[in-house]
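Chains as they are written, first to last, in our numbering: chain B, 558 to 681; chain G, 558 to 681; chain F, 558 to 681; chain H, 558 to 681; chain P, 558 to 681; chain R, 558 to 681.
Check before you lean on any hint, since a few could be wrong.
Put simply, identical chains are the same to the list, so a pair is met inside one copy or across any two.
Only pairs whose alpha carbons sit at most 27 Å apart, straight line, appear in this in silico DSSO-like list of lysine-lysine [unchecked claim]:
1. 615 / 639
2. 596 / 575
3. 570 / 596
4. 639 / 575
5. 615 / 575
6. 615 / 570
7. 635 / 575
8. 596 / 639
9. 596 / 615
Note that these hints are calculated values from the structure, not bench results.
Protein chains: 6
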Amino acid sequence: MNGRFTRGLETIKQYVTKEEAAQMIEADALADVAPNLRKMIIEFAYGDVYSRPGLDAKKRALIVITAVITQGAAPQTKTHIKRGLHAGLTQTEIVEALLQLVPYIGFPRVQNALTSFSRCPNTC
Amino acid sequence: MNGRFTRGLETIKQYVTKEEAAQMIEADALADVAPNLRKMIIEFAYGDVYSRPGLDAKKRALIVITAVITQGAAPQTKTHIKRGLHAGLTQTEIVEALLQLVPYIGFPRVQNALTSFSRCPNTC
Amino acid sequence: MNGRFTRGLETIKQYVTKEEAAQMIEADALADVAPNLRKMIIEFAYGDVYSRPGLDAKKRALIVITAVITQGAAPQTKTHIKRGLHAGLTQTEIVEALLQLVPYIGFPRVQNALTSFSRCPNTC
Amino acid sequence: MNGRFTRGLETIKQYVTKEEAAQMIEADALADVAPNLRKMIIEFAYGDVYSRPGLDAKKRALIVITAVITQGAAPQTKTHIKRGLHAGLTQTEIVEALLQLVPYIGFPRVQNALTSFSRCPNTC
Amino acid sequence: MNGRFTRGLETIKQYVTKEEAAQMIEADALADVAPNLRKMIIEFAYGDVYSRPGLDAKKRALIVITAVITQGAAPQTKTHIKRGLHAGLTQTEIVEALLQLVPYIGFPRVQNALTSFSRCPNTC
Amino acid sequence: MNGRFTRGLETIKQYVTKEEAAQMIEADALADVAPNLRKMIIEFAYGDVYSRPGLDAKKRALIVITAVITQGAAPQTKTHIKRGLHAGLTQTEIVEALLQLVPYIGFPRVQNALTSFSRCPNTC
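Bound conformation, chain B alone (with noise of 0.2 Å):
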């Protein structure tokens, strides 16, 4: 384990859980086809980005919801607003980001992140 792995792994747990972290290196799913994925995510993503000083959590996580939810990306809608929940947003911040969104995107991306978010408003 090197230097960006350890610092990744630190930095994730301002936004999962001790248990979610732990269980992303022992339960990869992707683990059998694609061992570097996960831990490409937890050194770049993690270990390089999010880590740098000049951002908050909380603004970081925001910037995340809303690009992902730009993108359609359904999946990873519900993720980063779980750890958006975690890193110390709170759910009227979340539903006002989204509503923000309307006059840039449209409602189609808007509505569909609303309809996973409404699933699992308090703790997912």
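Based on these hints, arrange chains G, F, H, P and R on the given structure of chain B.
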């Protein structure tokens, strides 16, 4: 002028200078072809959405910057980075927001946004 | 209930049955999490935009069907094909519209839309 | 010249002037690098698809305009608005079509399309 | 059956088993609603494009896999990974191709593609 | 300079001339605003990803060209076609790759890519 238009004009002053706000109305480049578009932006985007409580102007600007970069909407990237700076985001926060997008949308759209930003870092 | 909401509800009846229009308000699936979204759709999309003069309901439905298929927005594709049929588009016109998209957006999104359409060809 | 090519050339005359149709073949800007692309567009897009029965030229033009704006394809937006005007769409219908897109794809892409349209409102 | 259709059917056998090729025609799920779509895919995609010289079947499959993943077209991702394996791409080449996309389109769409791939690694 | 950066610089030489590799570092246009972006591209894209075994440089270039065209990322299309030629792809292979995309992403993005390619067919 109805209540939504007035509230929209009031709200937009958090994101643009007074001169720009005045110019939006008086010098609308699309006035001949689509006089309703500017009105719709002020009434709906600013009067109905940006003016909602629950999220401050800096977070709203960050969300909109993220959305237009993820869409690859070049002219709007420049406009909304400028509005974000006016709303109080620092240069560092904007650059960090852009780097935070790399693992989610890839380098090309982030690089295009940073190129456009590098040409107007302080005041555009 | 303001004028935009009333006009929106009136306009939406060109695209859905009376029962569906009533249900939209009484049984809004997102009512708990985002009570404002449905209201925004009726006031802005239907009250401000669909209700404008200059384009008939069938052409408006055709435009919206095209937009959601081009975005790859699956749940909305089904919804808006259904609304287009209610507004008076024929099955043939909808299938032709989808085939017309092939040279511009490629087969995958057209095929996904036709698959969703083939499961509810008459009345959904 | 096979039947599809001939039918494509015949069909394209509903969307462009005779001079433009002739120029497409004689002055193909991509003739050196990809001589097959123009042929493919005329044979497949115009010969196979646009020439199908069941939808008139104005509706086909409206669908294509919507698709290229939703994709954010700037050069094609201008081209296909021009072809739509040639096919008989009025300026009002095109502006209304663009405004109808706002609730589904957001302001940025509509605004870019209207900007490009405002520079060639009558004949381009 | 014209020449393009025959050539398309011949070409598609590089990407699917004989049974699948036969089934495409005999058991077209969209036959009732859009009998022309399947014909268009075989004639245009396979008869006109895939059958061109200058690029082998493995490279063509790699290009199509990349395009549908970048678009986020979920059902087509599975279909074209399977066709790529049939054309001779190895599992390793496909996983490497997907990882190569991360810096250009981000983790979400790559992760969704790998998840779909992990469920049918050998033969689907 | 760490190992990833060194490996990235080594790998990038398969895709650009020595002069361009040197210029990337010495004349980074974004050096003032976002000094980390170029470093991230060399370390992550080239040092971690392009340098992996299992796929040759020509196939990696083909994948990246496809991804940026499918996204509609204009400046990157030119850059990566040029890098593909440097890696050993022939002009014919690149034109064929672009035509192969037509049935999957439609004519507009392919036409824009070919237009940009036609302006620099040999060496850019």
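Tested hints:
Proximity of residue 615 to residue 639 under the C-alpha cut-off of 27 Å is found in both arrangements, the shortest distances being 12 Å within a copy and 22 Å between copies. In this assembly of identical chains, residue 596 and residue 575 lie within 27 Å of each other by CA distance solely inside one copy; the values are 17 Å within and 32 Å between copies. Within a single copy, residue 570 and residue 596 get their C-alpha atoms as close as 15 Å, and across copies as close as 26 Å, so both meet the 27 Å cut-off. Proximity of residue 639 to residue 575 under the C-alpha cut-off of 27 Å is restricted to the intra-copy arrangement: shortest distance 14 Å within a copy versus 37 Å between copies.
Within a single copy, residue 615 and residue 575 get their C-alpha atoms as close as 18 Å, which meets the 27 Å cut-off; across copies the closest is 31 Å, which misses it. Taking CA atoms no more than 27 Å apart as the test, residue 615 paired with residue 570 passes in both settings, with 13 Å inside one copy and 26 Å between copies. For the identical chains of this complex, residue 635 and residue 575 are intra-copy neighbours only, at 19 Å inside a copy versus 33 Å across copies, given an alpha-carbon limit of 27 Å. Taking CA atoms no more than 27 Å apart as the test, residue 596 paired with residue 639 passes in both settings, with 21 Å inside one copy and 26 Å between copies.
Within a single copy, residue 596 and residue 615 get their C-alpha atoms as close as 23 Å, and across copies as close as 26 Å, so both meet the 27 Å cut-off.
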